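Visitor: Quick mapping for you: the protein sequence lines, in order, are chains R and W. Per my numbering, the first sequence runs over residues 300 to 556. Per my numbering, the second sequence runs over residues 1395 to 1635.
No lab work stands behind these hints, which were simulated from the structure alone. Watch out, some of these pointers could steer you wrong.
So these bits of chain R aren't anywhere near chain W, every CB distance computed over 10 Å [claimed, not checked]: (1) Val-423; (2) Asp-453; (3) Phe-550.
In silico EDC-like cross-links for lysine to aspartate or glutamate, where the CA-CA straight-line distance does not exceed 20 Å [to be verified]: (4) W:Lys-1549 to W:Asp-1529; (5) R:Lys-330 to R:Asp-508; (6) W:Lys-1545 to R:Asp-408; (7) W:Lys-1543 to R:Asp-306; (8) W:Lys-1543 to W:Asp-1529; (9) R:Lys-431 to R:Asp-472; (10) W:Lys-1543 to R:Asp-508; (11) R:Lys-431 to R:Asp-453; (12) R:Lys-390 to R:Glu-427; (13) R:Lys-390 to W:Glu-1433; (14) R:Lys-407 to R:Asp-378; (15) W:Lys-1549 to R:Glu-427; (16) R:Lys-330 to R:Asp-378; (17) W:Lys-1549 to W:Asp-1534; (18) R:Lys-330 to R:Asp-306; (19) R:Lys-407 to W:Asp-1534; (20) R:Lys-390 to W:Asp-1534; (21) W:Lys-1549 to R:Asp-408; (22) W:Lys-1545 to R:Glu-403; (23) R:Lys-390 to W:Glu-1531; (24) R:Lys-390 to R:Glu-435; (25) W:Lys-1545 to W:Asp-1534; (26) R:Lys-390 to R:Glu-403; (27) W:Lys-1584 to W:Glu-1433; (28) W:Lys-1545 to R:Asp-396; (29) W:Lys-1549 to R:Asp-396; (30) W:Lys-1549 to W:Glu-1531.
This structure is a prediction, so every number in the text was calculated from the model and none was measured. Yeah, the Cβ is synthetic: ideal placement off N, Cα and C, and Gly gets one too.
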Amino acid sequence: MSNELIDLDGLGMTYAADSGPVEALSGIDLKVGRGEFVSLVGPSGCGKSTLLRIIAGLRPATRGSVRVAGRPVTRPIADVGMVFQAPILLKWRSILDNVLLPAELAGKDAGRYRDRAQHLLQTVGLGEFAAKLPRELSGGMQQRASLCRALLLDPPLLLMDEPFGALDAMTRDEMNLELLRIWGETGNAARKTVLFVTHSISEAVFLSDRIVVMTPRPGRIAAVRTVDLPRPRTVEVRASAAFGQLSLEIFRTLTGS
Amino acid sequence: MALFVGLIVVWQLAVSLLNIREYLLPSPMAVLRAFIEPETQWWPHLWVTTLEIIGAFVLAGGVGVALGVAIAWSPRLASALVPFLVLVNTLPKVAVAPLFLLWLGYGIVPNMLIGALIGFFPVVINTAVGLSQVDPEMLDLGRVFSAPKWKIFAKIRLPNALPYILSALKITATSAVVGAIVGEFVASQKGLGYVIITTQSSMNTPLAFGALVWVSIVGLALYGAVVAIARWAAPWAEATQ
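Kindly generate the complete structure, drawing on both the sequences and the hints.
Guide: Okay, structure coming up:
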């Protein structure tokens, strides 16, 4: 078994718009190892979100190949947890029932996942909110619930599309720490592979093992930077000189200056 | 409530002070007398009209939801049904009432159908809209887990549509009353609309008002029931309504 979970080879995507074909992604070559935390940063409209959807098998690539766990992706892959910018919880379901939704959709016995769902909610501090409706929770709490939903079936791969982009800066920092805790707490062997789309350079530096910097449309890979900051990442790491230096370099790559 | 009582008082005062004749505008007291007059056999009329209204409401709701589901389920059905439904909706449905009576004869059923015809369209539209107004990312989530279409429908689309359907049913509750009364105006032997029509020749205007009071009681009761059911069945939607 190869060590790569995701293998993108010459991936490109062109879609038809009213004004003619639009090239969204071009010549993407990227390998993501098992247990690796990789962020995608780039300007708006560079195809980052499209790339996540292609990897999940929700949209077909028009060129090149996508492999997840060695298998070509031709249709939605079930072994994936997705978190979007909006929590998109079902507003008529309790938080617990929302977290259980993947089990129901995947045709599994939701009853068997109740304990796990409850446990996940507890780890993100929502244990007492299991019976509440989404509208009774703040935006940050809803996004935590949405993270629990993504983790319910214990997928080896997490695809996160600007999950904390709509939150205020303080909640975002808090969620970053929480995400790392959840990601790291299972130990190296069972660590999930995370592909994390963000607009925020500091968020990417704080979280990632590697950062993929993308160009404006058509999205290409401008640079891949390894983040060699020590783990566990703490607030102190964020204040370090190395953190600032790396952020600056990524900023320069992004803006081409 | 204070406004309502005030209006009644003004009405009573206006009628007695301006000496308005009873066949033009009966006083609230005269209406009350007609309303509780033991000689007037309200029950059979009330029963027939209530039956027509409820029948019209249930029919409009049932057919409306079924058509809305069909439209949202299959684009092919939608392209076949929608133009036809829009055409039907542009007809002044009240004008079709005489035809219904011609085809179906007197009775409760044609009046139900008229009420249903007037009231079903908003249910179709709201059902179809509610079923399709689902966050595309929510549907992505369904696709990731390869959930079958019916499951997405039952677990995501249908509950999502429920508040839309219920708010359309509030409109339908009102239309059903209109339909039943119009049907009775055109041809009937019983019902509150029939009572109103007969007062035209007898000049018994207090009786017409008495029938109006009954109509609004039935209408309000149905509307209230729909609102109560909406609150119970879709409590999460309360904030948006």
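Visitor: Decide, hint by hint, whether the structure agrees.
Guide: Okay, the hints, checked on the actual structure:
1. Val-423: holds (19 Å)
2. Asp-453: holds (14 Å)
3. Phe-550: Its Cβ never comes within 10 Å of chain W, the nearest being 29 Å, so this holds.
4. W:Lys-1549 to W:Asp-1529: With Cα atoms ~13 Å apart, Lys-1549 (chain W) and Asp-1529 (chain W) stay inside 20 Å; holds.
5. R:Lys-330 to R:Asp-508: This hinted pair holds, its Cα atoms lying about 13 Å apart.
6. W:Lys-1545 to R:Asp-408: holds (14 Å)
7. W:Lys-1543 to R:Asp-306: Not satisfied, since the Cα-Cα distance of roughly 30 Å exceeds 20 Å.
8. W:Lys-1543 to W:Asp-1529: Distance of about 16 Å is within 20 Å: holds.
9. R:Lys-431 to R:Asp-472: violated (25 Å)
10. W:Lys-1543 to R:Asp-508: violated (39 Å)
11. R:Lys-431 to R:Asp-453: Given pair Lys-431 (chain R), Asp-453 (chain R) is violated - Cα atoms ~24 Å apart, limit 20 Å.
12. R:Lys-390 to R:Glu-427: With Cα atoms ~18 Å apart, Lys-390 (chain R) and Glu-427 (chain R) stay inside 20 Å; holds.
13. R:Lys-390 to W:Glu-1433: violated (54 Å)
14. R:Lys-407 to R:Asp-378: OK: Lys-407 (chain R) and Asp-378 (chain R) at ~14 Å, within 20 Å.
15. W:Lys-1549 to R:Glu-427: Violated - the C-alpha atoms of Glu-427 (chain R) and Lys-1549 (chain W) are around 25 Å apart, more than 20 Å.
16. R:Lys-330 to R:Asp-378: holds (18 Å)
17. W:Lys-1549 to W:Asp-1534: holds (14 Å)
18. R:Lys-330 to R:Asp-306: holds (5 Å)
19. R:Lys-407 to W:Asp-1534: holds (18 Å)
20. R:Lys-390 to W:Asp-1534: holds (17 Å)
21. W:Lys-1549 to R:Asp-408: holds (15 Å)
22. W:Lys-1545 to R:Glu-403: Holds: Lys-1545 (chain W) and Glu-403 (chain R) sit about 9 Å apart, inside 20 Å.
23. R:Lys-390 to W:Glu-1531: Within the cut-off at roughly 14 Å; holds.
24. R:Lys-390 to R:Glu-435: Given that 20 Å is the threshold and the Cα spacing comes to 10 Å, the pair holds.
25. W:Lys-1545 to W:Asp-1534: This hinted pair holds, its Cα atoms lying about 14 Å apart.
26. R:Lys-390 to R:Glu-403: Distance of about 16 Å is within 20 Å: holds.
27. W:Lys-1584 to W:Glu-1433: holds (16 Å)
28. W:Lys-1545 to R:Asp-396: Given pair Lys-1545 (chain W), Asp-396 (chain R) holds - Cα atoms ~15 Å apart, limit 20 Å.
29. W:Lys-1549 to R:Asp-396: This hinted pair holds, its Cα atoms lying about 11 Å apart.
30. W:Lys-1549 to W:Glu-1531: Distance ~15 Å between Lys-1549 (chain W) and Glu-1531 (chain W) Cα, so the pair holds.
In terms of the numbered hints stated before, the structure departs from hints 7, 9, 10, 11, 13, 15, listed from lowest to highest.
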